[in-house]
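There are 2 protein chains.
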Amino acid sequence: MKLELENFYKILAPRPAVLISTLDARGRTNAAPFSFVMPVSRTPPLIALALAPQRHTLANIRETREFVVNIASEEILEELWICGKSFPKGVSEIKESGLTERKPKIVKAPGIEQCIGWFECALEFEKETGDHVIVVGRVLNAEVKDEFFREGEFDLLKAKPLMHLGGENFAIPERIARPQK
Amino acid sequence: MKLELENFYKILAPRPAVLISTLDARGRTNAAPFSFVMPVSRTPPLIALALAPQRHTLANIRETREFVVNIASEEILEELWICGKSFPKGVSEIKESGLTERKPKIVKAPGIEQCIGWFECALEFEKETGDHVIVVGRVLNAEVKDEFFREGEFDLLKAKPLMHLGGENFAIPERIARPQK
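Order-wise, the sequence lines are chains R and X. By this note's numbering, the letter at position 131 of the first sequence is numbered 131, and the numbering carries on one by one without gaps. By this note's numbering, the letter at position 163 of the second sequence is numbered 163, and the numbering carries on one by one without gaps.
You may find that some hints are simply not true.
Where chains are identical, the list cannot tell them apart; a pair therefore holds if satisfied intra-copy or between any two copies.
Stated by the list, open to error - Here are the simulated lysine-lysine pairs, DSSO-like style, with alpha carbons at most 30 Å apart:
{"no.": "1", "residue 1": "K95", "residue 2": "K158"}
{"no.": "2", "residue 1": "K10", "residue 2": "K105"}
{"no.": "3", "residue 1": "K160", "residue 2": "K2"}
{"no.": "4", "residue 1": "K103", "residue 2": "K10"}
{"no.": "5", "residue 1": "K10", "residue 2": "K108"}
{"no.": "6", "residue 1": "K158", "residue 2": "K10"}
{"no.": "7", "residue 1": "K2", "residue 2": "K145"}
{"no.": "8", "residue 1": "K10", "residue 2": "K85"}
No lab work stands behind these hints: they were computed from the structure. From a predicted model like this one, the values you see are computed outputs, not experimental measurements.
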């Protein structure tokens with residue numbers, strides 16, 4: 001069947017759910033959930049996000065030229081959902097949702113303690129693309145909770161990363177398959 | 001623990017696995033698997049891929065300015081893996097892997113019949129970004145197999161989309177969770 005064109009993205013799913021934490025020019029914290037995100041380069045390490053222009057996240061990235069990508073797990077589904085609600089600019093979704101800040105190593109914006117891992121990023125460039133803005137950040141520091149990364153690989157079954165399916169539906173991948181050939 | 005910067009993407013996973021099918025200037029078919037892919041706009045409908053510059057897929061998109069995004073399911077894991085092997089330019093991975101072509105409606109490049117859904121795309125722009133090239137395409141036609149899209153939503157449990165975890169490891173999301181609040 002034909003999909004309405006504006007709904008094409010519904011079957012490019014589920015996608016990794018992340019919380020982006022930022023500061024505004026006055027140093028006030030913001031955090032919001034996104035799933036239009038992908039790696040775009042290993043060397044240098046670059047990550048791309050597509051953000052709606054009205055989001056506080058984009059305003060903050062423009063003001064401070066940095067952001068933290070926090071990888072979400074099933075454990076914080078309720079808190080992530082609260083972070084997605086509409087709060088006035090300057091209100092910290094991290095505090096409102098009951099999450100806690102994690103001290104960053106390089107950037108000024110805090111991470112979120114209860115996440116699987118964290119990428120501290122500096123804005124590399126942005127490009128308006130249709131009804132969103134593509135933001136590319138350079139990963140300055142990448143960390144992961146010890147228990148979720150073993151022998152050089154992500155331990156999916158332990159980490160239980162949250163994937164966004166659409167609306168209030170999320171998926172948790174719990175089965176691994178490998179080609180036989 | 002710290003992640004080596006070039007390995008940051010290992011925990012931004014699993015990611016939707018797609019096969020990109022293209023034609024070269026001589027009309028020869030190519031198909032290759034990717035997971036650096038995300039929606040970037042609803043209106044107009046735009047999709048972004050990050051491609052390594054040496055891939056035939058990128059050369060073909062530059063030659064013909066179109067491509068088809070085929071959403072992969074667990075059913076074609078073996079075939080997708082074969083499509084990822086190195087074949088000479090001009091050899092059709094669709095045929096080599098035992099998949100079959102699907103007649104496109106708008107572009108010239110064929111889709112792949114055994115997939116969940118298909119986006120026929122025209123190249124909008126490309127941008128070199130680190131060691132990859134970001135390619136943004138406009139979705140001209142989007143279709144999905146009837147049985148995988150019900151009441152306006154993607155039926156994840158039926159479709160069994162394949163997510164790439166890393167190397168030969170893929171994940172299949174089979175559990176759905178929703179916030180209670």
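Hints, verified against the model:
1. Taking the shortest Cα distances, K95 and K158 sit within 30 Å of each other inside one copy (26 Å), while across copies they are farther apart (38 Å).
2. Within a single copy, K10 and K105 get their C-alpha atoms only as close as 36 Å, which misses the 30 Å cut-off; across copies the closest is 20 Å, which meets it.
3. Only between protomers do K160 and K2 lie at most 30 Å apart by alpha-carbon distance; the minimum there is 20 Å, versus 33 Å within a single protomer.
4. Within a single copy, K103 and K10 get their C-alpha atoms only as close as 35 Å, which misses the 30 Å cut-off; across copies the closest is 22 Å, which meets it.
5. Within a single copy, K10 and K108 get their C-alpha atoms only as close as 35 Å, which misses the 30 Å cut-off; across copies the closest is 24 Å, which meets it.
6. For a Cα distance limit of 30 Å, the shortest separation of K158 from K10 qualifies both inside one copy, at 27 Å, and across copies, at 15 Å.
7. Within a single copy, K2 and K145 get their C-alpha atoms only as close as 43 Å, which misses the 30 Å cut-off; across copies the closest is 9 Å, which meets it.
8. Proximity of K10 to K85 under the C-alpha cut-off of 30 Å is found in both arrangements, the shortest distances being 21 Å within a copy and 29 Å between copies.
Hint check: no violations occur; every hint is consistent with the structure.
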